[in-house]
Amino acid sequence: MQENLQIIRIIKKSFRGKSILIEDFNSDRIIDRIKLPNDNGEIVLPIGHYALINGKSDKKYKFPTIVIYGLGSCIALILFDEKNKLCGMSHVLLPKSNLRKIINYPHKYADLSVQYLLKEFLDRGAQKELIKAIIVGGSKIFDLANNVIGEENIKIITDELDKYGIKIIKKSIGGMQGRIIKFNTRNFSVLVKLTGDNKFHEL
Amino acid sequence: MIKISVEKNKSGDIILTPEQLDILKELGNIGSGHAITALSELINDRVDVSLTAVYLIPFWKIPDLFENPNTEAFGIYSEIRDKPDLSIVQIFTKVSIINLVNILNDEDQISIEDVRSIQELDDFTRSIISEIGNILAGNYANALANLLSIKLVPGVPKLALDNLNAMLDTIIAKYSINSDYTIIVKTKIRVKEIKLNGIICLVPSMNILKELFKILNIKYDANI
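Chains H and C, in that order, are what the protein sequence lines are.
Mapping the first sequence onto my numbering, position 39 (from 1) lands on 1194, and the numbers just tick up by one.
Mapping the second sequence onto my numbering, position 193 (from 1) lands on 197, and the numbers just tick up by one.
Warning: the hint list may mix true and false statements.
To be verified - Pairwise CB distance ranges, derived in the manner of DEER restraints: (1) Leu1346(H) to Ile34(C): 44 to 54 Å; (2) Lys199(C) to Lys1354(H): 21 to 31 Å; (3) Pro88(C) to Lys1310(H): 21 to 31 Å; (4) Glu124(C) to Lys1354(H): 17 to 27 Å; (5) Asp1314(H) to Asn211(C): 25 to 35 Å; (6) Lys1310(H) to Lys218(C): 34 to 44 Å.
Unchecked claim - If you want the footprint, here are the derived chain H segments under chain C, 3+ residues with CB under 8 Å: (7) 1194 to 1205; (8) 1227 to 1237; (9) 1245 to 1256; (10) 1259 to 1272; (11) 1298 to 1304; (12) 1333 to 1339.
As the list claims (entries may be wrong) - So these bits of chain C aren't anywhere near chain H, every CB distance computed over 12 Å: (13) Ile19; (14) Glu30; (15) Leu46; (16) Asp86; (17) Asn106; (18) Leu151; (19) Asn201; (20) Phe217; (21) Ile219.
Source of the hints: derived by calculation from the structure; they are not laboratory data.
Every residue, glycine too, gets a C-beta built ideally from N, C-alpha and C.
Construct all of the structure, not just a fragment, from the sequences and the given hints.
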């Protein structure tokens, strides 16, 4: 395993879909590289996918920056437990999963992503009371009366986080503009740029 | 070049046969053909149109169908009245729309600086863009309506000027509720002389497809 490469692994779980999992070198999980960093050294997170960074590694580890270029009605959900060196981000599209019988991409849904991310965290030694959340997105790009997906996403994610007692410490949500988000997995800082802005600002 | 892409369907929920894909490609060619005829009459210039490509792909790969999804673009989104599951989506570069508007509006020429957001556009410019969208979507839908002998009238087009990926979220969300796979019937439009570069897409839900195939008397899989 070369230390200067960002390694992405797919974990094939019991559901048939795939997720992007970034794990430390000590892991003995299945390795299947599907997503390499872009030219800027960033990992672009597709819709319905998640990334998980486990910083508990003895070896020198390059923490990737996880980005989404063009967050509209989708939500970027970030959880982190600083003390236990865990963080993750999912790219959520829809509020509810109840219309589907088979779920291939749980992180596509606001009502599943929180609990699935939480489980991944707890499986790796996170302490629930130390986990914090940051949410970004949920805007309304096309001004249609029935275009409430962004709003609903925000509502369901907020409700879910509340249900599990996870505090939202920062957010950049709603409005009518798209966003670019960059999540630094080393120091858990989040940079956001709205479409109309010239610069990124730190949340 | 004719392009038909079929994603290997691991989740097993949607399957389209080559014949069905061919039909969709033809519908796209006919629809876009009429749309660009109308456009070329409008601007008195030749419009190049690519052959239509049909994509049956996982929702998260939709941004990959567009060159530079991480750039600002104009989006014009029309839902068909009484068939909201069928939409026509048009994507144009900012420069395209500006040049087009300036051709159609002799008096007040606009420039890039004037076009920062839809809200900031002056009413007249906004209505021109809306009308362009209307004409293209209307002619596209009309061609299909005549072919299928059904009524297909696009509603008032909704405009957006934003990062293309962000705009696509709305569309991907809508067509991803019942399936992880989406069908996009995509045609490229180009007018070199005025740097017009655009894409016009027909996006049908699976239910609409069932209806279309039924009208055309095409056997369809129970999987749809």
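Here is how each hint holds up against the structure:
{"no.": "1", "hint": "Leu1346(H) to Ile34(C): 44 to 54 Å", "result": "46 Å, holds"}
{"no.": "2", "hint": "Lys199(C) to Lys1354(H): 21 to 31 Å", "result": "28 Å, holds"}
{"no.": "3", "hint": "Pro88(C) to Lys1310(H): 21 to 31 Å", "result": "23 Å, holds"}
{"no.": "4", "hint": "Glu124(C) to Lys1354(H): 17 to 27 Å", "result": "19 Å, holds"}
{"no.": "5", "hint": "Asp1314(H) to Asn211(C): 25 to 35 Å", "result": "30 Å, holds"}
{"no.": "6", "hint": "Lys1310(H) to Lys218(C): 34 to 44 Å", "result": "38 Å, holds"}
{"no.": "7", "hint": "1194 to 1205", "result": "holds (count 4)"}
{"no.": "8", "hint": "1227 to 1237", "result": "holds (count 3)"}
{"no.": "9", "hint": "1245 to 1256", "result": "holds (count 4)"}
{"no.": "10", "hint": "1259 to 1272", "result": "holds (count 3)"}
{"no.": "11", "hint": "1298 to 1304", "result": "holds (count 4)"}
{"no.": "12", "hint": "1333 to 1339", "result": "holds (count 3)"}
{"no.": "13", "hint": "Ile19", "result": "15 Å, holds"}
{"no.": "14", "hint": "Glu30", "result": "29 Å, holds"}
{"no.": "15", "hint": "Leu46", "result": "24 Å, holds"}
{"no.": "16", "hint": "Asp86", "result": "14 Å, holds"}
{"no.": "17", "hint": "Asn106", "result": "23 Å, holds"}
{"no.": "18", "hint": "Leu151", "result": "28 Å, holds"}
{"no.": "19", "hint": "Asn201", "result": "19 Å, holds"}
{"no.": "20", "hint": "Phe217", "result": "23 Å, holds"}
{"no.": "21", "hint": "Ile219", "result": "26 Å, holds"}
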